[in-house]
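Colleague: Spelled out from the first residue to the last, the chains are:
Protein chains: 2
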Amino acid sequence: MQRYFVNVNQLNKNVVTISGSDVHHIKDVMRMHSGDKIICSCDEVAYLCVIEEISDVVRCSILEDITKNTSLNGKVTIAQGLVRREKTEEVVRRLTELGCSNYIPLIMKRSIIKIDKINDFKLDRYQKIIKEASEQSQRNDLMKISGVKSINDLIKELNDYDLLLLADANEDNFMLKDIDFVANHYQNILVVIGPEGGFDDSEKEILINNGFKVVSFGARVLRTETAPLYAMSVLGFLLGDKDED
Amino acid sequence: MQRYFVNVNQLNKNVVTISGSDVHHIKDVMRMHSGDKIICSCDEVAYLCVIEEISDVVRCSILEDITKNTSLNGKVTIAQGLVRREKTEEVVRRLTELGCSNYIPLIMKRSIIKIDKINDFKLDRYQKIIKEASEQSQRNDLMKISGVKSINDLIKELNDYDLLLLADANEDNFMLKDIDFVANHYQNILVVIGPEGGFDDSEKEILINNGFKVVSFGARVLRTETAPLYAMSVLGFLLGDKDED
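Chains as they are written, first to last, in our numbering: chain A, 1 to 245; chain B, 1001 to 1245.
Honestly, the hints are just simulated from the structure, not real lab data.
Possibly wrong hints are sitting among the right ones.
[As the list claims (entries may be wrong)] Covered stretches of chain A, going by a simulated chain B footprint (3 or more residues, C-beta under 8 Å): (1) 12–23; (2) 41–49; (3) 189–196; (4) 213–222; (5) 227–238.
For glycine and all other residues, C-beta sits at the position ideal for the given N, C-alpha and C.
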């Protein structure tokens, strides 16, 4: 069933009022009518709703709370050296589907995207993609995405995390399987992934000095846009879903 | 270092002769000269070579065998309902990086791509992408890709596999983590993934009757082009690399 994210101010008792581009989607793309049912997600709660009226807005009545927990059993944040827009779009979409909590684009020395273009970072566009991907994948929450940060910004925010990983294609010995996820019950993992050109030595040094563990993602060299998908797939598998068992 | 795949007939004792589009890549894209070093991969062996001469062909001398095992500790075949060309291109590229052995595009009832367009299946184009992705990811072998098959074709070829999985977003209970990979030492896994519209009931039935186990990839609904990447990431993680330990 089609799912739409709404804000708490769009809820009034038993009624949800949908406005903006979702109205176009309901009317013209899905060609829905009064009586059709949709799911409205608000603040991590999913409501089964029936459409009562379609005009410039769509008005629905809430039938029942059908929230199903689609979260992972822990949070994963992926921070990645800035890559081109099409690649960021793909990464952001797939990470949302795979259950990632947070995406942080990083200014790094070997990024192809340069500092003077940072104003080009299309946060709005990525947030729209995240919303669509959350609806499609039936998440109740939205993946967060921050504006562009430096490594110095990032290391000021490390207190919340209980596992800090730096993915490096040159690392040979230490693999994800060497981390004891069962014993440690990690709840908040941060993975830093380099841009196309990889990490500069000084960047690696500052991260390692701040507690990051260098890890290999296997014997094959992954592209920078494949590495986050590998990390998120495997970490999602290892954390498991909240509603399991 | 740049890696090129060559056939056994391009090797003559200590000399490798590179022809075709790789010559353009070496000359005009990489702007290499005599004395520059490259890796030539042939029949799963990687040779460190030095360029001796660049003309209409590129002639190199072999310096040493530097084969590093980049294969997984077992084979994974992904069979997927036909999807659009751009999606197939992306899936094929990422699966190659992630160590997949074999990709089989399947005719399925709910594929958006219809039977009369099957001649449009650009096998040559996909093979080129696989070659590039193998070079970039430093694989010594190429992922195989077959022409389009039907489910009936597929079930005639099941003898080689020791684990048959059918990925279904509607499955709630049986997850990848419920499979005992350690005890069973699977060596040849086949995963079937539906097209955008999912499996038709009759397709699921025929696969289940032929020994497929229905498995969930987690609480979130993955797009058909994300599901193979999730499967390959997690199965690659579970199988591990051949050269580990």
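Colleague: Out of the numbered hints, which ones does the structure contradict?
Modeller: 1, 2, 3
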